[in-house]
Each structure stands twice: as structure tokens, then as C-alpha cells.
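**Q** The chain contents come next:
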Amino acid sequence: MDASQIIFGLTALLIIFSALRVVTTRNMVHAALWLIVTLLGVTVLYALLQANFLAVVQVVVYVGAIAILFIFAIMLTRREMRDGGPQLNKGWPLAALISLAVFGGLLALLYNAPVSERLAASLEGQDTLGALGQALVSPDAYVLPFEVASVLLLAALIGAVYVALNKKQESDK
Amino acid sequence: MMAGTLPISYYLGLSALLFTLGVLGVLIRRNALVIFMSVELMLNAGNLAFVAFARMYDMLNGQIFVFFVMAVAAAEVAVGLALIVAIFKTKRSIDVDQMNSLKG
Amino acid sequence: MTQLDFITVLPIAFLTFWVCALLLADLFIKRKGLTAVLAAVGLAITLGLTLMQVGRSALGFNGMLVLDGFSIFVQTLLLLSGLLGIALAYGYIRRMKIERGEYYGLLLFSIIGMMLMAQAADLIMVFLALETLSIPLYVLAAFARPNPDSEESGLKYFLLGAFAGGFVLYGIALIYGATGSTQLAQIISVVNLSGGFEGIYNPTLMLIGAALVLVGLGFKVAAVPFHMWTPDVYQGAPTAVTAFMAAGAKIAGFAALLRVFALAFPTLSADLSPVLWVISALTMFGGNLIAISQTNIKRMLAYSSIAHAGYILMAFVPFGDPKVLPVSVAAGLFYLVAYTLTNFGTWGVVIALEKAEGKGLEISDYAGLGRKYPALAAAMTVFMLSLTGMPPTLGLVGKFYLFRAVLEGGYVWLAVIGVITSLISAYYYLRVVVTMYMHEGEAQTEREFWLGLTTLGAAVLTVLISLTPQWLFILAKDAVLMLF
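Protein chains in written order, with the working numbering: chain R, 6 to 178; chain D, 2 to 105; chain V, 10 to 493.
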């Protein structure tokens with residue numbers, strides 16, 4: 006057993022545990038914090054998989070922006086941080102069963118169809134960051150999705166502003 | 002790097018588990034924020050699978066896909082949280098089971 | 010960027026430019042009706058650009074985007090839906106006091122997403138287009154905020170859509186894992202070599218991936234059992250948005266489903282066709298049976314729209330059979346046209362009767378409509394007949410082509426189920442007609458020029474096209490999918 010296996014094992018345990026806490030905890034702020042732990046765990050795995058750029062983006066976008074937005078939303082929607090009411094909806098036993106079946110199915114299929122166990126040639130020595138940047142703006146590669154993503158962000162921005170806009174300010178105009 | 006000493010299937014098993022936990026959270030919880038956090042778990046599971054496969058094939062296209070998913074997730078979060086906060090202002094609750102002014 | 014790339018993306022690029030200009034111009038426009046007109050002009054020009062491409066077929070951006078007869082047909086239908094959506098919204102949002110320029114901006118953004126969906130030749134484009142069409146729709150569903158019903162509708166649609174997006178993403182990840190690419194063209198070549206290209210193709214992973222994509226898009230087109238919150242969403246959203254959502258999101262979802270399944274997954278048809286069969290049958294039964302007990306017209310039409318997703322899904326069942334596929338694709342497209350026309354007409358009538366604060370939406374509010382507003386009642390009768398599938402309407406012709414395609418594929422029982430559920434649906438559709446003509450009541454309607462024109466125009470077309478449906482079917486048949 007070498008270092009990467011140990012790191013993977015620990016991170017995997019951490020991810021599973023914290024994801025489970027996100028799904029089960031009553032305290033909303035705790036849920037958000039466990040979500041951050043999960044996201045950081047995934048970041049470690051990205052680094053292990055040599056997706057260094059994505060690891061950085063994961064920290065900046067997911068942990069830095071998305072998780073923080075969640076915490077903002079929690080603060081705006083809860084006067085008391087603990088949610089006293091029932092946490093589970095009525096159909097939860099069925100839902101749990103479905104989820105279990107989904108997992109069982111996924112695992113069984115993945116197990117029966119072992120994906121290539123070969124070890125990839127290392128990307129090291131290649132300029133992955135440069136290649137990513139090139140790919141994102143090259144017409145032969147990903148410039149179109151890149152533009153679509155920016156249109157998407159613009160639409161989301163306008164939508165979010167509209168939803169968040171205060172009715173009172175609107176009528177003042 | 003030592004990453005190569007682990008078979009990709011380990012990562013896939015983990016991502017399947019993470020995906021299932023996300024689905025479970027969406028299906029059993031009543032709080033809109035927690036449901037949305039569970040969706041984020043699902044997206045992360047997908048991203049993890051992508052990065053693992055990209056490593057397996059030694060190609061960058063999987064990583065680029067993940068990059069776009071993150072952009073989409075950011076857009077979704079902006080709209081989704083705005084909606085959640087807006088509905089809390091009117092109803093003082095974000096429990097989706099209590100949202101039955103529409104009978105269902 | 011070559012000239013070809015430019016041509017494939019031209020209508021969408023123009024529309025994107027137009028939205029941005031529209032949003033800026035809207036700041037200086039006092040009368041929001043002008044914004045609506047400008048948005049409609051943009052859609053009309055885009056429609057012209059799209060129609061100029063008839064006959065071309067090309068791959069753009071190195072396999073990201075495809076231009077073919079199928080995409081042009083679907084985009085034409087989408088742009089017409091957009092125009093009808095604006096016509097319905099024009100007076101409605103003023104009456105409901107939610108008239109704001111963003112409405113039209115978001116509508117156009119959503120159409121951009123839908124058009125991309127029809128042209129997507131890479132799963133990354135499918136995913137991005139799906140989100141581009143969905144995110145503006147979440148906001149539009151909640152557009153009547155702080156009305157709690159509308160907000161609830163927006164939130165539920167959002168949670169459902171995000172959940173569906175998670176499934177689609179995971180499915181795409183597994184397909185990528187199975188083939189090493191997200192481009193349909195490359196996926197197909199890897200599958201066809203089947204173990205040739207370094208032996209990477211993995212059928213099992215591919216199958217799970219395709220199934221997950223199916224689940225995700227099933228949520229989008231509101232197929233049973235993925236329909237949970239759809240009725241709530243349709244009921245709570247502003248009616249003009251519901252009309253657009255019911256048509257546009259369905260067309261785009263089915264277009265992507267059709268292209269991806271027919272092109273990339275034909276080898277999986279042995280496993281997936283039975284699944285589609287079951288989903289289609291469940292959707293037809295579920296939608297029609299629950300619709301019977303509804304008293305709110307919006308909710309009833311929501312279940313009816315679920316049921317119609319089931320009928321359209323019939324066209325997908327024989328997707329792996331290259332002999333039947335062209336006919337079933339044409340039948341599916343034809344049915345989408347019929348559904349779109351009837352859908353906008355029906356919702357137009359609902360809008361005409363709707364009052365502020367959700368009044369005028371019970372089926373009992375339609376009592377006496379036949380005597381007081383004969384033209385509107387006649388139009389509603391045509392739509393109800395069309396939704397049931399009775400002569401002399403487009404709905405009947407659409408169902409005829411669909412059932413015929415399914416029979417050609419050898420799925421006799423599915424056609425039988427289609428007929429049985431159509432008979433069931435007659436009960437609740439005709440109840441509306443009976444209420445309009447037989448019951449005494451004081452139905453009140455709003456008079457709006459564009460609304461009236463849309464509704465009556467849709468009714469006339471529904472009847473007229475059904476008398477000579479051949480040309481439309483031939484157009485649909487010519488709208489072939491480009492094979493890579």
C-alpha cells in the first residue's frame with residue numbers, strides 16, 4: 006500500500022461520511038459545512054487524478070462561491086438554525102428503497118463490467134493548463150460550448166436579479 | 002505521481018455511492034435547501050466520474066466537460082437560491098411538502 | 010472558424026445578438042408592448058434565417074453542432090411556438106400586472122436553448138442546451154412573484170429540473186466512460202468498431218448511461234413515473250408561461266431524445282425499447298386516468314399534457330429498427346406539430362377566461378360559454394376533439410400516423426393501449442364541451458386581439474390541415490436525421 010492508496014482511502018471515507026451527514030443532519034448550517042467537506046474531498050481526488058486545474062476551480066467555484074451562497078441562503082431563510090419540524094417526507098421508506106436499488110444496480114453493473122484497469126500514461130510533462138485554455142477557445146474544439154455557457158450565465162444572471170428584485174423598489178420607479 | 006497505482010474502478014464505485022446519496026437526499030428530505038445540496042452531490046458524483054474517465058483515457062475532454070458543469074452549477078445556484086429566498090419571504094417556509102397551495 | 014461553422018450557427022447567433030440588444034433597448038422602452046413586438050420581430054427574422062437553410066446539411070464546429078432537415082423542422086416549430094407564446098403573453102401579463110421586459114428576454118433565452126438542443130451533436134451541447142432552456146423557464150414559472158402559487162411552481166420546477174440535470178450528467182459521464190468521447194459521431198464510430206479502437210467500448214456502461222439520460226430527459230418531458238411535480242408546476246405558473254413550457258420544452262426534449270437515441274444508441278434497442286414501451290404505456294394511462302378527477306382546468310390540461318408525452322413517446326419505441334425509424338420519426342414530428350397547435354389554442358381559451366388571482370380556472374366556470382361566446386366555444390370544442398383524437402381535427406391524423414408507425418414496428422399492444430387511453434380521455438375532454446354548451450352559467454371572457462387571433466387561427470388550422478394532412482406529413486418525412 007502506497008501513499009496515494011492511503012490518501013484515497015481516507016478521502017473516500019471522509020466524502021462518504023460527510024455526504025451522509027449532508028443528507029441526514031437537522032441543522033442547516035451543519036449541512037452546508039458538511040457539503041463543503043464533501044466538496045473539498047472531491048478536490049483531493051481531482052488532485053490525485055492529476056486534474057490540477059479542476060482542483061483549483063473546484064475550490065474557487067464550488068467551495069468559494071456555491072457553498073458560501075448556500076450559507077447566505079440559510080441565513081436568509083432561517084431565524085433559528087435548527088429545523089424543528091419533521092425532516093423526512095411521507096414517502097421516505099419507498100424513496101430509500103429506490104435509492105438502495107439504484108446503488109445496487111449501479112454497483113452490480115459496474116462490477117460486472119470492470120472498466121479498463123490499465124494505468125493511464127501520466128499527463129505529466131504535458132502542458133495541461135495550456136491545452137485546456139487552447140481547447141476552450143479553438144473553433145475546432147470547445148469555443149461553441151464556451152459561448153453557450155456565457156449565454157447561460159447571462160440568462161441566469163438576469164433571472165436571478167428579477168427573482169430577487171424587491172417589489173417595492175419596482176413600484177417606486 | 003502515484004495516482005496511477007489505483008484502478009479507476011475505485012473512483013467509479015465512490016462516485017456511484019456519492020450519486021446515490023444525492024438521489025437519496027433529494028427523495029427523502031423536505032427542506033428545499035437540503036434537496037438542492039443533494040443535487041450538488043449528484044453533480045459532483047458526475048464530475049468525479051468524468052475526471053476519473055478522463056484520467057483513464059488520458060484525454061482532456063472529460064476535464065473540459067467538468068469545467069462546463071461547474072459553470073452551469075454556478076448559474077443554477079444563483080437562480081435556485083434566489084427562488085428559495087423569494088418563496089421564504091412569502092411563505093416563511095421552505096418545506097416542499099408544506100407547499101400545497103397547489104393541490105397535489 | 011470556417012464559413013460552414015458560421016452557417017450552422019447563424020440563426021442561433023442572430024437570436025442571441027437580438028436578445029442582448031433587446032434587453033438593452035428594454036431599459037429605454039416605456040411601453041412594454043413594444044418590447045413584445047421587438048421580440049416577435051427577432052423571432053420572425055430568425056425563422057427566416059432558419060428557413061433559408063432548408064436543404065442544407067452540415068456538421069459545424071468539428072462535430073459540436075449539426076444542421077439537417079430534422080433540426081430545421083424542429084427549429085421552425087420552436088420559433089413558431091415562441092411567436093405564439095408571445096401572442097398569448099402580450100395581453101395576459103399586462104392584465105395580471107406582471108408586464109416587464111425581462112419576460113420576453115427570458116423567453117428568447119429559453120428558445121435559444123431549445124434551438125441548440127435540436128442541433129446538438131455533442132452530449133456537452135445537449136447538457137448545456139438543456140440548462141439554457143431550463144433556467145429561464147424556472148424564472149418564468151415564478152414570474153408572477155410574490156404570488157405564492159407562481160413562486161411555488163418556479164421552485165418545484167427548479168428542483169425537479171436540477172434533479173433531472175443530475176441524472177443526465179451522470180448518464181453522459183458513463184457514456185463518456187464507455188466510449189471515450191461525448192461526440193455523437195465518435196460515439197457511433199467507437200460503438201460500430203465494437204472493440205476495435207483499443208477495445209475501449211464498454212456496452213454495459215453505455216447501457217446504464219443511456220438509461221440515466223433517459224430518466225433525466227423523462228423528467229424534462231414529464232413522462233410517468235417522472236411526472237411528480239409537473240401538475241403543480243403547470244398549475245402555478247402564469248398561464249402564458251405554462252402554454253409555452255408545455256409545447257417548447259417538450260419539443261426540444263423529444264428532439265434531443267430522438268437524435269441521441271436514434272443515432273448513438275441503436276445497438277441498445279433490444280434493452281431500451283421495452284423500457285420505452287413501459288414508460289410510454291404508463292404515461293398514457295397515468296396522465297389520462299388522473300386527469301379525469303380534476304376540476305381545475307389548468308391541472309386537467311397538465312395531466313393531459315403528460316398523457317400526450319406518452320403518445321409522442323410511442324414514436325421512440327421502435328428507435329432501433331432502421332426500417333421503421335423514418336416513419337416513426339415523421340409520425341412523432343407530425344404529432345408534435347398537431348400537439349403544439351392544439352396546445353396553444355387550448356391555453357389561449359384558458360387565458361381568455363382567466364381572471365386575476367386565479368379565478369375563472371375551474372371547469373364549472375366554462376358553463377354557458379357556448380351561448381355567450383359561440384366562436385370561442387367552437388374553438389375550444391375543436392381543441393378538445395383534437396386532444397381526444399376525433400375527426401375532423403389534426404389530433405386524429407396525428408394519432409393515426411403514430412399508431413400506424415407503431416404497428417409497423419410490430420408493437421400491436423402499444424397501439425391498442427393508445428386507442429384505449431384515447432377513449433378514456435374522451436370522458437374528461439368532452440366534459441368540458443358538455444359544460445360549455447349544456448350547463449347554464451355566466452362565463453366571462455377577456456377580449457384581446459392577439460389572443461383571439463391565436464386561438465381562432467389555431468382552431469381553423471387544426472381543422473383545415475386535418476383535411477389535407479399529406480403535405481405536412483411529407484415535410485415531416487423529408488426532415489431526416491443526418492447520419493454520421
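For the record, the hints were derived by calculation from the structure and aren't laboratory data.
Errors might be hidden in some of the hints.
What the hints assert, rightly or not - Which bits of chain R does chain D cover? Going by a derived footprint, with three or more residues having C-beta under 8 angstroms, they are: (1) 7-19; (2) 22-36; (3) 42-54; (4) 66-80; (5) 135-141.
To be verified - Below are the BS3-like pairs computed for lysine-lysine, each with C-alpha atoms no more than 30 angstroms apart in a straight line: (6) K381(V) to K90(D); (7) K381(V) to K364(V); (8) K90(D) to K106(V); (9) K95(R) to K92(D); (10) K90(D) to K368(V).
To be verified - Here are some of the chain V residues that sit facing chain D, going by a computed Cβ distance under 8 angstroms: (11) Q12; (12) L137; (13) R154; (14) E161; (15) F172; (16) L183; (17) G186; (18) G189; (19) S190; (20) V428.
Keep in mind that this is a model prediction, so the values were computed, not measured.
Think of the CB as a built atom: it goes at the ideal place given N, C-alpha and C, for glycine as much as any other residue.
**Q** Next, verify each hint and record whether it holds.
**A** Against the structure, the hints come out as follows:
1. Coverage of the stretch 7-19 of chain R by chain D holds. Counting CB-CB distances below 8 angstroms, 6 residues qualify, and the rule asks for three or more.
2. Check result for the stretch 22-36 of chain R against chain D: holds, 6 residues qualifying (beta carbon to beta carbon below 8 angstroms, three or more required).
3. For a cut-off of 8 angstroms, the count of residues in the stretch 42-54 of chain R with a CB near a CB of chain D stands at 7, and the three-residue condition holds.
4. Note: the stretch 66-80 of chain R has 9 residues with beta-carbon separation from chain D under 8 angstroms; the three-residue rule is met and the coverage holds.
5. Counting residues of the stretch 135-141 of chain R whose CB lies closer than 8 angstroms to any CB of chain D gives 4, which reaches the minimum of 3, so the coverage claim holds.
6. Among the hinted pairs, K381(V) with K90(D) is inconsistent with the structure: their alpha-carbon atoms are about 42 angstroms apart, more than 30 angstroms.
7. With a CA separation close to 17 angstroms, the supplied pair K381(V) and K364(V) stays within the 30 angstroms bound.
8. With a CA separation close to 20 angstroms, the supplied pair K90(D) and K106(V) stays within the 30 angstroms bound.
9. Between K95(R) and K92(D) the alpha-carbon distance is near 21 angstroms, which keeps this suggested pair within the 30 angstroms criterion.
10. Distance check on the hinted pair: K90(D) and K368(V) sit about 24 angstroms apart at the alpha-carbon level, within 30 angstroms; holds.
11. With 8 angstroms as the threshold, the beta carbon of Q12(V) stays out of range of chain D, its nearest partner Cβ sitting at about 25 angstroms, so the hint is violated.
12. Taking 8 angstroms as the C-beta cut-off, the interface hint given for L137(V) holds, the closest approach to chain D being about 6 angstroms.
13. About 6 angstroms separates the beta-carbon of R154(V) from the nearest beta-carbon of chain D, less than 8 angstroms, and the hint is met.
14. Hint status for E161(V): holds, given a least beta-carbon distance of 5 angstroms to chain D, under 8 angstroms.
15. With a least beta-carbon distance of about 5 angstroms to chain D, the hint placing F172(V) at the interface is held under the 8 angstroms criterion.
16. At about 7 angstroms, the closest approach between the beta carbon of L183(V) and any beta carbon in chain D falls short of 8 angstroms, and the interface hint on this residue holds.
17. With 8 angstroms as the threshold, the beta carbon of G186(V) comes within range of chain D, its nearest partner Cβ sitting at about 4 angstroms, so the hint holds.
18. Taking 8 angstroms as the C-beta cut-off, the interface hint given for G189(V) holds, the closest approach to chain D being about 5 angstroms.
19. Taking 8 angstroms as the C-beta contact cut-off toward chain D, the hint placing S190(V) at the interface holds, the least distance being around 7 angstroms.
20. Taken as an interface hint, V428(V) does not check out: its beta carbon lies about 29 angstroms from the nearest beta carbon of chain D, beyond 8 angstroms.
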